[in-house]
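Once you've looked at the hints, dock chain B against the given chain P.
Protein chains: 2
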Amino acid sequence: MARDAWRLKVANVTSWHRSDRSFGRRRRRLTRVARVEEPVAIELRRLRDSIDNMDAALVHLLAERFKITKEVGELKRRHGLPPADPAREAQQIARLRSLASEAKLDPEFAEKFLTFVVAEVVRHHEAALGSTRSAG
Amino acid sequence: MARDAWRLKVANVTSWHRSDRSFGRRRRRLTRVARVEEPVAIELRRLRDSIDNMDAALVHLLAERFKITKEVGELKRRHGLPPADPAREAQQIARLRSLASEAKLDPEFAEKFLTFVVAEVVRHHEAALGSTRSAG
Chain P
11 MARDAWRLKV ANVTSWHRSD RSFGRRRRRL TRVARVEEPV AIELRRLRDS IDNMDAALVH
71 LLAERFKITK EVGELKRRHG LPPADPAREA QQIARLRSLA SEAKLDPEFA EKFLTFVVAE
131 VVRHHEAALG STRSAG
Chain B
11 MARDAWRLKV ANVTSWHRSD RSFGRRRRRL TRVARVEEPV AIELRRLRDS IDNMDAALVH
71 LLAERFKITK EVGELKRRHG LPPADPAREA QQIARLRSLA SEAKLDPEFA EKFLTFVVAE
131 VVRHHEAALG STRSAG
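Each protein sequence line maps, in turn, to chains P and B. Just so you know, this note's numbering puts 117 at position 107 of the first sequence, and the rest follows in order with no gaps. Just so you know, this note's numbering puts 117 at position 107 of the second sequence, and the rest follows in order with no gaps.
One or more hints might be untrue.
Stated by the list, open to error - Selected chain B positions facing chain P (Cβ under 8 Å, derived; list incomplete):
#1 MET64
#2 ILE78
#3 ALA110
#4 LYS114
#5 VAL128
#6 GLU130
#7 VAL132
Hints were generated in silico from the structure; no laboratory data involved. Cβ atoms here follow ideal geometry from the backbone N, Cα and C, with glycine treated the same way.
If we strip away everything but chain P, and leave its shape as in the complex, we get:
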């Protein structure tokens, strides 16, 4: 991977300095490799950079979401509300499926995603409070 990263770096550099300037033996060897792969490597890097940006956004959103479900769990506990709320969960699933369809995302995946996140919320609540359950 480190080698690939370097190769991509070189691909970037050589796209601006594609000259017969001497960069030394190591650089020339890498440049030859980079010339073959350059456009594909650059395109792959561009797409992966976007994926990485989105993953960072997803992780930060999830971090905020867990802060709020923690608050929901505490609120319910303080006021003796039942931790589970099947009607709320059904409403969340229906809404996310609908949003997914509009965004051209597989609604099945959106539902699986919510189930996955809720399972983690449940795990947090159980760890924090004994054996409660809440989808938020």
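Chain B in isolation, oriented as in the chain P frame:
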């Protein structure tokens, strides 16, 4: 759920019109219920509205992410690149775990999340291209 939604609506209304104005028998009955639950119901609604906003953002980000992994899959296929890239996956996991720690999100969850999303990407690729594999 419809009844709960109505109750929350009333709770909102009564917080501004907590007077002896007559709203009719049905409204008075609902208002009595709402008075007991009002602050908790409003707080729960507020927290759930935020969760719903975040879930919408998550779904839309995931929709964009899948568009890009689809592009990655097509790029790799066109140029005969191997669909799987274990080094890239290891790098993604390490990065997400680190971002999660900074955001006070359980790094284990961040890793499980990426694995979950990648499994879906693989499923998409397999459905679209035969039996390839790519984490993007």
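Okay, the hints, checked on the actual structure:
Given the 8 Å rule on beta carbons, the hint for MET64 (chain B) holds: about 5 Å separates it from the nearest Cβ of chain P. The criterion of a C-beta within 8 Å of any C-beta in chain P is met by ILE78 (chain B), whose closest approach is roughly 5 Å, and the hint holds. Checking ALA110 (chain B) against chain P by beta carbon gives a least distance of about 5 Å; that is within 8 Å, so the hint holds. Below 8 Å, beta-carbon pairs count as interface contacts, and LYS114 (chain B) has one with chain P at about 6 Å; its hint therefore holds.
Below 8 Å, beta-carbon pairs count as interface contacts, and VAL128 (chain B) has none with chain P, the closest being about 10 Å; its hint is therefore violated. Among the interface hints, the one on GLU130 (chain B) holds; its C-beta lies about 6 Å from the nearest C-beta in chain P, closer than the 8 Å criterion. Because the beta carbon of VAL132 (chain B) sits about 12 Å from the nearest beta carbon in chain P, more than 8 Å, this interface hint is broken.
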